[in-house]
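Protein sequences appear in the order of chains B and R. Take 1 as the starting number for the first sequence in the working numbering and just add one per residue. Take 1 as the starting number for the second sequence in the working numbering and just add one per residue.
Read the hints as simulated data drawn from the structure, not as lab findings. It cannot be assumed that every hint is accurate.
One copy or two, it doesn't matter: identical chains are merged, so the pair holds either way.
[As the list claims (entries may be wrong)] For lysine-lysine, the following DSS-like pairs were computed, each having C-alpha atoms within a straight-line distance of at most 30 Å:
1. Lys-175 / Lys-7
2. Lys-323 / Lys-7
3. Lys-138 / Lys-281
4. Lys-165 / Lys-205
5. Lys-7 / Lys-281
6. Lys-57 / Lys-138
7. Lys-165 / Lys-7
8. Lys-85 / Lys-281
9. Lys-281 / Lys-165
10. Lys-281 / Lys-175
11. Lys-281 / Lys-331
Owing to the predicted nature of the structure, the values given are computational and were not obtained by experimental measurement.
2 protein chains.
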Amino acid sequence: MAEAPIKFGILGCANIARKLSRAIRLSPNSELYAIGSRSVERAAKFAKDNGFPDSAKVYGSYDAVLDDPEVDAVYMPLPTSLHVKWAVLAAGKKKHLLLEKPVALNVAELDLILEACESAGVQIMDATMWMHHPRTAKMEEFLFDSSRFGELKFVHSSFSFAADKNFLENDIRVKPDLDALGALGDAGWYCIRAILWAADYRLPKSVVSLGGTVLNSAGVIIACGASMEWDDGKTATFHCSFTANMTMDATVVGTNGVLRVNDFVIPYEENRASFLSAAEKPGIDENLQEWEPVPAEETVVATESPQEALMVSEFSRLVGNIKFRGASPEKRWPELSRKTQVVLDAVKASIDNSDQVIEC
Amino acid sequence: MAEAPIKFGILGCANIARKLSRAIRLSPNSELYAIGSRSVERAAKFAKDNGFPDSAKVYGSYDAVLDDPEVDAVYMPLPTSLHVKWAVLAAGKKKHLLLEKPVALNVAELDLILEACESAGVQIMDATMWMHHPRTAKMEEFLFDSSRFGELKFVHSSFSFAADKNFLENDIRVKPDLDALGALGDAGWYCIRAILWAADYRLPKSVVSLGGTVLNSAGVIIACGASMEWDDGKTATFHCSFTANMTMDATVVGTNGVLRVNDFVIPYEENRASFLSAAEKPGIDENLQEWEPVPAEETVVATESPQEALMVSEFSRLVGNIKFRGASPEKRWPELSRKTQVVLDAVKASIDNSDQVIEC
Numbered sequence: 001m002a003e004a005p006i007k008f009g010i011l012g013c014a015n016i017a018r019k020l021s022r023a024i025r026l027s028p029n030s031e032l033y034a035i036g037s038r039s040v041e042r043a044a045k046f047a048k049d050n051g052f053p054d055s056a057k058v059y060g061s062y063d064a065v066l067d068d069p070e071v072d073a074v075y076m077p078l079p080t081s082l083h084v085k086w087a088v089l090a091a092g093k094k095k096h097l098l099l100e101k102p103v104a105l106n107v108a109e110l111d112l113i114l115e116a117c118e119s120a121g122v123q124i125m126d127a128t129m130w131m132h133h134p135r136t137a138k139m140e141e142f143l144f145d146s147s148r149f150g151e152l153k154f155v156h157s158s159f160s161f162a163a164d165k166n167f168l169e170n171d172i173r174v175k176p177d178l179d180a181l182g183a184l185g186d187a188g189w190y191c192i193r194a195i196l197w198a199a200d201y202r203l204p205k206s207v208v209s210l211g212g213t214v215l216n217s218a219g220v221i222i223a224c225g226a227s228m229e230w231d232d233g234k235t236a237t238f239h240c241s242f243t244a245n246m247t248m249d250a251t252v253v254g255t256n257g258v259l260r261v262n263d264f265v266i267p268y269e270e271n272r273a274s275f276l277s278a279a280e281k282p283g284i285d286e287n288l289q290e291w292e293p294v295p296a297e298e299t300v301v302a303t304e305s306p307q308e309a310l311m312v313s314e315f316s317r318l319v320g321n322i323k324f325r326g327a328s329p330e331k332r333w334p335e336l337s338r339k340t341q342v343v344l345d346a347v348k349a350s351i352d353n354s355d356q357v358i359e360c
Numbered sequence: 001m002a003e004a005p006i007k008f009g010i011l012g013c014a015n016i017a018r019k020l021s022r023a024i025r026l027s028p029n030s031e032l033y034a035i036g037s038r039s040v041e042r043a044a045k046f047a048k049d050n051g052f053p054d055s056a057k058v059y060g061s062y063d064a065v066l067d068d069p070e071v072d073a074v075y076m077p078l079p080t081s082l083h084v085k086w087a088v089l090a091a092g093k094k095k096h097l098l099l100e101k102p103v104a105l106n107v108a109e110l111d112l113i114l115e116a117c118e119s120a121g122v123q124i125m126d127a128t129m130w131m132h133h134p135r136t137a138k139m140e141e142f143l144f145d146s147s148r149f150g151e152l153k154f155v156h157s158s159f160s161f162a163a164d165k166n167f168l169e170n171d172i173r174v175k176p177d178l179d180a181l182g183a184l185g186d187a188g189w190y191c192i193r194a195i196l197w198a199a200d201y202r203l204p205k206s207v208v209s210l211g212g213t214v215l216n217s218a219g220v221i222i223a224c225g226a227s228m229e230w231d232d233g234k235t236a237t238f239h240c241s242f243t244a245n246m247t248m249d250a251t252v253v254g255t256n257g258v259l260r261v262n263d264f265v266i267p268y269e270e271n272r273a274s275f276l277s278a279a280e281k282p283g284i285d286e287n288l289q290e291w292e293p294v295p296a297e298e299t300v301v302a303t304e305s306p307q308e309a310l311m312v313s314e315f316s317r318l319v320g321n322i323k324f325r326g327a328s329p330e331k332r333w334p335e336l337s338r339k340t341q342v343v344l345d346a347v348k349a350s351i352d353n354s355d356q357v358i359e360c
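Only chain B is shown next, with the shape it has when bound in the complex:
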């Protein structure tokens, strides 16, 4: 490439940062430039274990990363409760921001982050990786083809995994002072995003949490679900949980077609992913015996890069447009983050108010 790659600084040594370090390495327009941790030893070990170049900067604080003028962009996998502080600081230092999800504890905090980014003219994108998989674009072709899919009527999404005892006692995602949104923020984020994606990002008119929310002893959500309704009559449900076996499902039902995907968050295989689409109106013959047609068509999408590397490349492309060509930040990404957070807040409000219906 003629242009220098975008230099990333990573704040903290979270597990997910291992995956993103690899993604930055795999992304041709991106460079692993710096890592900061409260412990410089941890930072050094992280850099060594995750393929940082010898020239990479290893810092003993987050501030040091933000103060490095060479850092173009920050990847921030900190606990959600720390996002507003560090994201606003990063934006203030003109760092572009790749922010882990959930992006904030609530819309009010997110708006502080978004305002800081807008005022600094920096790009913000949340790290919802599946948005960048070529399968997602392929599924969109189907969903937004009115003859094949028709009008959206119903979506169901589910993201669950059976966390072990150690996770349920010690992970940041079960701690009220760290990731206070629990399973809703971690797993539910993806379900809500998938539902909004299928609804072409139109917000529902109302949201209601479903009975059976499970809280841990500290009051953090371990499992919950919600239902949504739009003005035009379409509806959606989701379920998310830390205590049920793995699901990463989205079923999207239109008047003419159905789309099913069972691994939308992280494809089972890195280099290929599939989905089932039924773009016919199947029926049974007049004796109600034979299906015509059998409604199953699997589309397989191959990709040379994992979705997280594609995400990083797209983020760096946008940053490069700003840095080298004076472009403005792409507004689509903060808009999607905010819409997801608006619905997430509504679900949380419904849970906190005895499953009351919340208008969006």
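Please build the complex by placing chain R on the supplied structure of chain B, with the hints as guidance.
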């Protein structure tokens, strides 16, 4: 067979009766013996078109079928609003009863039917065909294997089809005086049964309809959904519709396993059916990259007889036990009918009361 086959009389020439006529023909312990319609010409044509033997009785009324002392059992595909009258009359004439679903407009009507059957000592079974497919038994082996599936946490089921204009204007399932439960009674019945089946027939403690219920101009349900909650924290949702493309899905999520089936109501193929089960706890490696294991295992179940013929054979077997060996009616089937109707009534009550939570 040493014993004479069970002689069936069919009340009415509904479309679904074509499928059941074939099922009775295919069932070795069952005989197509009589057909009754309000029009004897229609009855004669139906008998001719559906492989009735020349010796079959063709009647111009339902009463004539019930008055024929040779008729052992009645298959009743009448509109739901007529069930209570004709089922009670049939039981009074000591006819065993294979009753189309939904079995009644509400539990009060169903209880009149069940009391009449019990008092007459006749078998009653509802015509929920998928219960009798060998795939269902195979799925049960998985669901009730505590090491492979674990504890049930969540079920989602959906049954929808895109009805055409003629159906939406003229079918009995959109008419308040015929099948007043609309899509809830027709499609929702299967979802509720699937959920109860997965929950080992334990009733939920509460049911709430989801926003977005669609009614036609006569007030009949065209699309709706509901959520359920059990005392032990498991939850379920379903969606049913006459205006979305075909789905017949059940996803059953336990602590250790997941079961998925996309054609549970009527298998796409008559002689084989499959389901996906994941009986491992998949995880991703510490770099959050590689799946281990990839959670997909498809089980294919072959069957020589279609599920409706297996249903008829099981019904006739129970009737034969009563007729030839003095057995008592099998109570499991009316119990399952009643539990399904109890939940269906709760969904209807919630819809009729602005999505209020209804205790079961």
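Check: So which hints don't hold here, by number, going up?
Finding: Result: hints 1, 5, 6, 7, 8, 11 break, sorted rising.
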